[in-house]
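Mind docking chain B on chain A? Use the hints.
So the sequence lines, in the order shown, correspond to chains A and B. Just so you know, the working numbering puts 27 at position 27 of the first sequence, and the rest follows in order with no gaps. Just so you know, the working numbering puts 89 at position 89 of the second sequence, and the rest follows in order with no gaps.
No incorrect hints appear here.
Listed below are the simulated DSS-like cross-link pairs for lysine-lysine, each with C-alpha atoms no more than 27 Å apart in a straight line:
hint: 1; chain 1: A; residue 1: 334; chain 2: A; residue 2: 271
hint: 2; chain 1: A; residue 1: 20; chain 2: B; residue 2: 183
hint: 3; chain 1: A; residue 1: 334; chain 2: A; residue 2: 20
hint: 4; chain 1: B; residue 1: 183; chain 2: A; residue 2: 22
hint: 5; chain 1: B; residue 1: 22; chain 2: A; residue 2: 183
hint: 6; chain 1: A; residue 1: 124; chain 2: A; residue 2: 20
hint: 7; chain 1: A; residue 1: 183; chain 2: B; residue 2: 20
Only some residues are given here: those of chain B computed to face chain A with a beta carbon under 8 Å:
hint: 8; residue: 74
hint: 9; residue: 126
hint: 10; residue: 397
Some chain B residues well away from chain A (every beta-carbon gap over 12 Å; in silico):
hint: 11; residue: 222
hint: 12; residue: 249
hint: 13; residue: 321
hint: 14; residue: 337
hint: 15; residue: 347
hint: 16; residue: 350
hint: 17; residue: 372
What the hints contain is simulated information worked out from the structure, not anything from laboratory work. Just so it is clear, CB atoms sit at the ideal spot from N, CA and C, and this is done for glycine as well.
2 protein chains.
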Amino acid sequence: MSHRVVIVGGGFGGLYAAQKLKRANVDVTLLDRRNFHVFQPLLYQVATGGLSPGNISSPLREVLRYQRNARVLLAEVVDLDVAARRVVLAEGDFVEYDSLIVAAGASHHYFGHDGWQEHAPGLKTIEDAIEMRRRILYAFEAAERETDPDRRRAWLNFVVVGAGPTGVELAGALGELANDTLKHEFRAIDPADANIVLVEGTDRVLPTYPADLSAKAHRSLRRLGVTVRLGAYVTDVKPEAITIESHSDLFVVPTRCVLWAAGVQASPLAKLAAGQTGGEQDAAGRILVNPDLSVADHSEIMVIGDMAHFAHQTGRPLPGVAPVAMQQGRYAAKRIANQLAGRSSPPFEYIDRGSLATIGRSAAVADFGRLRFSGFSAWVLWLSIHLLFLIEFRNRILVTIQWAWSYFTRNRGTRLISGGPSWGAPTTGGEEDSPN
Amino acid sequence: MSHRVVIVGGGFGGLYAAQKLKRANVDVTLLDRRNFHVFQPLLYQVATGGLSPGNISSPLREVLRYQRNARVLLAEVVDLDVAARRVVLAEGDFVEYDSLIVAAGASHHYFGHDGWQEHAPGLKTIEDAIEMRRRILYAFEAAERETDPDRRRAWLNFVVVGAGPTGVELAGALGELANDTLKHEFRAIDPADANIVLVEGTDRVLPTYPADLSAKAHRSLRRLGVTVRLGAYVTDVKPEAITIESHSDLFVVPTRCVLWAAGVQASPLAKLAAGQTGGEQDAAGRILVNPDLSVADHSEIMVIGDMAHFAHQTGRPLPGVAPVAMQQGRYAAKRIANQLAGRSSPPFEYIDRGSLATIGRSAAVADFGRLRFSGFSAWVLWLSIHLLFLIEFRNRILVTIQWAWSYFTRNRGTRLISGGPSWGAPTTGGEEDSPN
Chain A
1 MSHRVVIVGG
11 GFGGLYAAQK
21 LKRANVDVTL
31 LDRRNFHVFQ
41 PLLYQVATGG
51 LSPGNISSPL
61 REVLRYQRNA
71 RVLLAEVVDL
81 DVAARRVVLA
91 EGDFVEYDSL
101 IVAAGASHHY
111 FGHDGWQEHA
121 PGLKTIEDAI
131 EMRRRILYAF
141 EAAERETDPD
151 RRRAWLNFVV
161 VGAGPTGVEL
171 AGALGELAND
181 TLKHEFRAID
191 PADANIVLVE
201 GTDRVLPTYP
211 ADLSAKAHRS
221 LRRLGVTVRL
231 GAYVTDVKPE
241 AITIESHSDL
251 FVVPTRCVLW
261 AAGVQASPLA
271 KLAAGQTGGE
281 QDAAGRILVN
291 PDLSVADHSE
301 IMVIGDMAHF
311 AHQTGRPLPG
321 VAPVAMQQGR
331 YAAKRIANQL
341 AGRSSPPFEY
351 IDRGSLATIG
361 RSAAVADFGR
371 LRFSGFSAWV
381 LWLSIHLLFL
391 IEFRNRILVT
401 IQWAWSYFTR
411 NRGTRLISGG
421 PSWGAPTTGG
431 EEDSPN
Chain B
1 MSHRVVIVGG
11 GFGGLYAAQK
21 LKRANVDVTL
31 LDRRNFHVFQ
41 PLLYQVATGG
51 LSPGNISSPL
61 REVLRYQRNA
71 RVLLAEVVDL
81 DVAARRVVLA
91 EGDFVEYDSL
101 IVAAGASHHY
111 FGHDGWQEHA
121 PGLKTIEDAI
131 EMRRRILYAF
141 EAAERETDPD
151 RRRAWLNFVV
161 VGAGPTGVEL
171 AGALGELAND
181 TLKHEFRAID
191 PADANIVLVE
201 GTDRVLPTYP
211 ADLSAKAHRS
221 LRRLGVTVRL
231 GAYVTDVKPE
241 AITIESHSDL
251 FVVPTRCVLW
261 AAGVQASPLA
271 KLAAGQTGGE
281 QDAAGRILVN
291 PDLSVADHSE
301 IMVIGDMAHF
311 AHQTGRPLPG
321 VAPVAMQQGR
331 YAAKRIANQL
341 AGRSSPPFEY
351 IDRGSLATIG
361 RSAAVADFGR
371 LRFSGFSAWV
381 LWLSIHLLFL
391 IEFRNRILVT
401 IQWAWSYFTR
411 NRGTRLISGG
421 PSWGAPTTGG
431 EEDSPN
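Bound conformation, chain A alone:
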């Protein structure tokens, strides 16, 4: 019987690991509770109506269909049994492994205020993106119908929390939506009156980038009409307002649309894995992995991607970005192949090929160490790299066309208020299915 590799999670880490095992003499089982891989870096474009969910998703079965040593199971992992080397699925089934790769990712983190989640959705899944899209578009619709000026203004206040790449990209896309895309479409309001606030706790946007690029991103955001509040923290989120503390002043912003792009926390699976292996977790729930990505003294278990805290290289944990997950996925696969061949593996080493963030149409910042640039050329690079890493060729074509279309028409095609039983109003509104 071949060596059994079980991979939990079909994100960048898990999927790249599975693919890299193609020629190894192993049986791969990829478990995910979704039947598709999501290209997370473009979720913000689904949230702002630029792309369809299908454009950034690929069925896992389709990606792996010709890889005969791999099977995909749509399953929820509810427990691990490290002693028996089993992964326990919902409904009591289990899958046995010789090697286990845990790549279940991360979800939002509200710093102990779980109640905020309902009023400030995050952006990790396709459903999250559809929910954000619904809230953003519904706010403009409600403002158009609202006759009271204060309430109308509240509908047009949008607050994005966190100015990392996701927050910056979301705020930039919102600025474009309000200023360009929705132009001419309303009669009672001017969408350009929307007030988009980006709240960041540190002293600059994109705090992990070099300071000069942060400054450029800040200027690009300002050009799109985004108000950036630095050194500011959220202290409360209510259905109709958010409270922000900035330099010991408290601001209450009346708003019905708060978008959360701040803290993330490792999947609850991390706690299970840590508990059973004796591994340690950091404050964000990530597991401190060994230099070879294994956990504690369990050489047969590797944790990769957003769930892993890997600080052996720089002293600080690697960031939760796609390239880290991809490289760790490939490393994990190779380490298993080496082991089967009786070879040892060098420690994992992350090769940082640079960072890119986009701020609306034709602006971006790129940080490639000594090489830093911004503006149109960075934006073209951003487009090319994102297209290149989209898994399916068909999606590359579809995304190219929609981007070209948006670029020339300033339009966004998939502005649907859909999903959920209360499709029209946000959940708190509680509308019901009815006549028209």
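Frame of chain A, contents of chain B only:
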């Protein structure tokens, strides 16, 4: 003040009426509880993973943005006040009209068995299509995981109820999905073992088409592996089985996926309109309209599309298809313009340009009165006409590319099991958000 026209519903009827009023000296208010128009004839392609919801939807605001005499309100109509000439919206707002066009469409009808709806979803909205897609794809996933042979076989039984155009197109697409698209993707099952049953009460498929085309459609379905049961009625639908009566025999088919393409019923708004105007309703809830589409003695109210029972031309009500709604929408607009110009209007007359239905890849039937044809040429015609009537140019490009892609690769791009809180399992399974 201009003449105020209120249109309820942004489907084919309502949207075409609004557009046709572009040059009239009127103020148009288009009310819909969705912010987008849906190209309903292609919903079955969303339900079977061929197209994304965004590809067949257009934001109503975008379509009407340069029509300065039209405004769009995202609103639910909860009542009419015919005496005061008002449409009452949820939350107590109202909109006053001088002319009212009611075009709120139809929903599914379970012939008095409303409990069946939960286990046999219909196909009228984007959410319906996503729900069908989820059930279809989940059934294959569950079969792959199931180890008990009987239960596995039950997961691979699919029953489509009703062999009108929607049922035939759905069954055909299911046949392709099972035989072509999913090939190579599973390890424990062969998707081609799926058993697709199409249940029809009359003695042939596509009963409104000429008999020779029905026979051709029947043969095409059989080639795709679809079992057609004619003269058969559904007598019960349970979560894990459907009971079919055929020539006084009862068959119980164990299945977890029943798709409803049988009866439709006019929007509940029809009852309100009939009650207040003194108009009559037929058994399907449609309002019997006058030759000029007005209702009873209310010349200022017109009912069009799937809600209208118009039998003045042939003695039988016109079918609930897009061309009828479009022509009635344009007629309603013209009648208002005539009235404002002091001209009278001739009665509405439906020009039947023919019918088309497709049965999987490269097969279709076309009925243009004396000209009837089938096979590849009918299919090319079907493609062209559907592309032509897609409202936005962008969607035409995107749909063309995806169709070309599917044609050459036999693949379907948007096979996502998504939507709803219980995204994985069907609603009855009741899975919760959890680790991976």
